[in-house]
Amino acid sequence: MLLLLAALCVSACHRSMDAVAFHDDGYPPKLSDWHVVEARDGVLQLNEGVVPYELNTPLFTDYAHKLRTIWMPKGVAATYSATDTFDFPVGTIISKTFFYPLPKGEARNATDIARTYDTSRDFAGQGLNLAHVHLVETRLLVRRKEGWVAIPYVWNADQTEAVLARTGDVQALTLVGDDGTRENFNYVVPDQSQCASCHARDWTTRAIQPIGPKARHLNRDYRYADGDENELEHLVRVGYLSGAPAPADAPRNANWLDQHASLDARARAYLDINCGHCHNPKGAANTTGLTLDIATAEDRHIGICKPPTAAGQGTGDHLFDIVPGHPDDSIIPYRLGSAVPGTMMPELGRSTVHQEGLALIKAWIASLPGQCVVLH
Amino acid sequence: MRKTCTLIAMAGLLAACGHQDNATQSQGDVSFESKLEQQLLDAKPGSVIDIPAGHYSLKRGLSLRTSGVTIRGAGMDKTVLSFKGQVVGPEGLLVNADDFTIENLAIEDTMGDALKINQGKNITIHGVRIEWTDGPKTTNGAYGLYPVKTQNVLVEDSVVIGASDAGIYVGQSNTIVVRRNRAEQNVAGVEIENSVNADVYDNTATKNTGGILVFNMPNLSQEGHSTRVFHNKVFANNTGNFARKGAAVASVPAGSGIVVNSNDKVEIFDNDIADNQTANVIISSYFSTNYYNTSGVAADYNPYPKAIYVYGNRLSGGGDSPDGLKLKTLKTAVFGLTGKFPDVVWDGYADPKQAVNGTPAPENRICIQDVNGVLDIDGPHGYKNPSTDTKPYQCTLPKLPPVTLSPEPKV
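In the order they appear, the protein sequences are chains A and B.
Numbering follows numbering that gives the first Met the number 0, in which position 17 of the first sequence is assigned residue number 16; successive positions increment by one, without gaps.
Numbering follows numbering that gives the first Met the number 0, in which position 406 of the second sequence is assigned residue number 405; successive positions increment by one, without gaps.
Keeping only pairs whose Cα atoms sit at most 27 Å apart, straight-line, the calculated DSSO-like set for lysine-lysine is:
#1 B:Lys43 to A:Lys281
#2 B:Lys383 to B:Lys352
#3 A:Lys65 to A:Lys361
#4 A:Lys29 to B:Lys43
#5 A:Lys29 to B:Lys58
#6 B:Lys244 to A:Lys361
#7 A:Lys144 to B:Lys43
#8 B:Lys232 to B:Lys398
#9 B:Lys398 to B:Lys352
#10 B:Lys325 to B:Lys339
#11 B:Lys120 to A:Lys281
#12 B:Lys244 to B:Lys136
#13 A:Lys144 to A:Lys281
#14 A:Lys29 to A:Lys73
#15 B:Lys77 to B:Lys206
#16 A:Lys73 to A:Lys144
#17 B:Lys120 to B:Lys409
#18 B:Lys383 to B:Lys327
#19 B:Lys34 to A:Lys29
#20 B:Lys390 to B:Lys352
#21 B:Lys34 to B:Lys77
Hints listed in this document are in silico derivations from the structure and should not be mistaken for laboratory results.
Kindly produce the complete structure, drawing on both the sequences and the hints.
This is the structure we're talking about:
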């Protein structure tokens, strides 16, 4: 019943929302200046033409839930690529809202949020039910003539507006587990320059790009207002994407939680989205000789028996990035299991340890054959 | 300790590992940090960001992505950016830009690397102090001054103290001058790694684990060669190795003066090298790091040091207390209880593929002059047949040309 009411509200309020405004210069002070997503009547609403999407396996950000959207001006479309980020036209606005469900049975306060994978209470139609969620930040990636620009906005305490935060923010929050366990942490909103730490996939050109909108991440179903549909097909149908093959012919990363997918596929999908934006042949971490994107061969390039290059304390006294069969002797899980700056990997974007992701990578390494025989 | 540290950090207490940390940000610090971040974001080519004298406490790593920017303090002891209790890393300052100059300021107590410049050309670091103020500790950040994948780089008149890896580390770079710096109490004082055309001169390296290192590691974007190490003071680098195991420098024995590992065309001359208790000069191969394995190392990697030329240095003391049981035992076996290693120790690994009648081709030889002796420790056979014969090193090599920075730095 609530859902129905909310859904009615969403369609009703669309009409009262101004059209999406693309700003080709500067940094508008409020998120609502863009009219992409707005908090209205207890719902974070998506404007007309703003299409939500999800990734097969997402980046871990301190257990935050994310609402991702794409909007494009009329008459233009992104060009499909099988391997890279789609080539989006000038005028594209991608938004990503980071939020948490509120702990069950707890009244809203400034710090407590739920640590859960359950998204069932998040939504009101295509938008977010503000009675059940706590909005932290909304990041925009805006495709201007000169290239993509990252613009961070932080939600106010009243959850009515997000304001420009070019220098980022640090918020002390508490994750509350289903079993009542509590974990205090600093939620870090990256500054605009740190956005590029991940989004500049090529550190020579330094151009930034969206990470998620690639065929292998979007090749999955989404529950749209008018029913379930493959995201690639949906984007083609609404005119936002051209040149895409049928989903069966497009690459697809595994969902890291899908127990029907192979351990290898789940682990590689996890490493791809969490590490591959830096650890690829052109990225920030190409100084290390360690590549973790989906295209990497499963040999020394992905870390098997590979000595670290500049890990510093991050070695944890281990000799190789991956020792097949021995996750506890391997550097990669050591760094995934740390929350200390300078030791932890990824370097940015989290202050907590992703226990379930860590368990996946450990299980994968435990399953790998071979050994590292040192030569003298 | 590691566990405790993780727990503390997860509890959000923002304590640096092992620090009794009470570095709190005043309101002034908070507004300073935010203003500096804003200046870095708003910088345009030609911008000069002046940071006045003062001690500023920062909680978040800084980054710069605009080319042509100068960051300038009022002096390495006057303008201090302290990252004690840092919450967001990993570096103190990360730069991904060309034509970058930083001068006359200090960066202290970063959780990770202090100043990392990742991909850029025309980089000048002048009069910068990097320090971990609690002295040598494994939990200190890894690198102090850290240009990597850079071209045309000058590091001068700077000071680095306490790095848990290398104080001044230039990696995978080309055309490099490192001069008039002081590196103390780091694991490696100065390290040139996988770099081409580097001049390292007029530096002082003391109280490190190893003074000045010229290394080639596997799996990286380029192999290094052509480094001149001259007119430096490299003495008493006897600090116990405090790097985490697995790091390349963790294999460096305490008491190492100048170390060449797997690098080619290295010329070491006119240095004052003294009192480094393992050896004043060490020439070694990647085999001796104990990390070499065929699965994890690129097949085309060459682990042998080639064309190494040591001459005209002033050497004294040292070699009297080598690090580690194996080397200690070897010293006693060859030189007796009160004896000491000679000025130069070579691990004895020579490229079998490149040998002509059992000796390397003339252009690949290790040539050593003006030393009191050379010890080949016979690493390939587990130190079984060490040799003090100096004949194999009696040769000369063509001298390397000086490095010319172009364009010349404006400092």
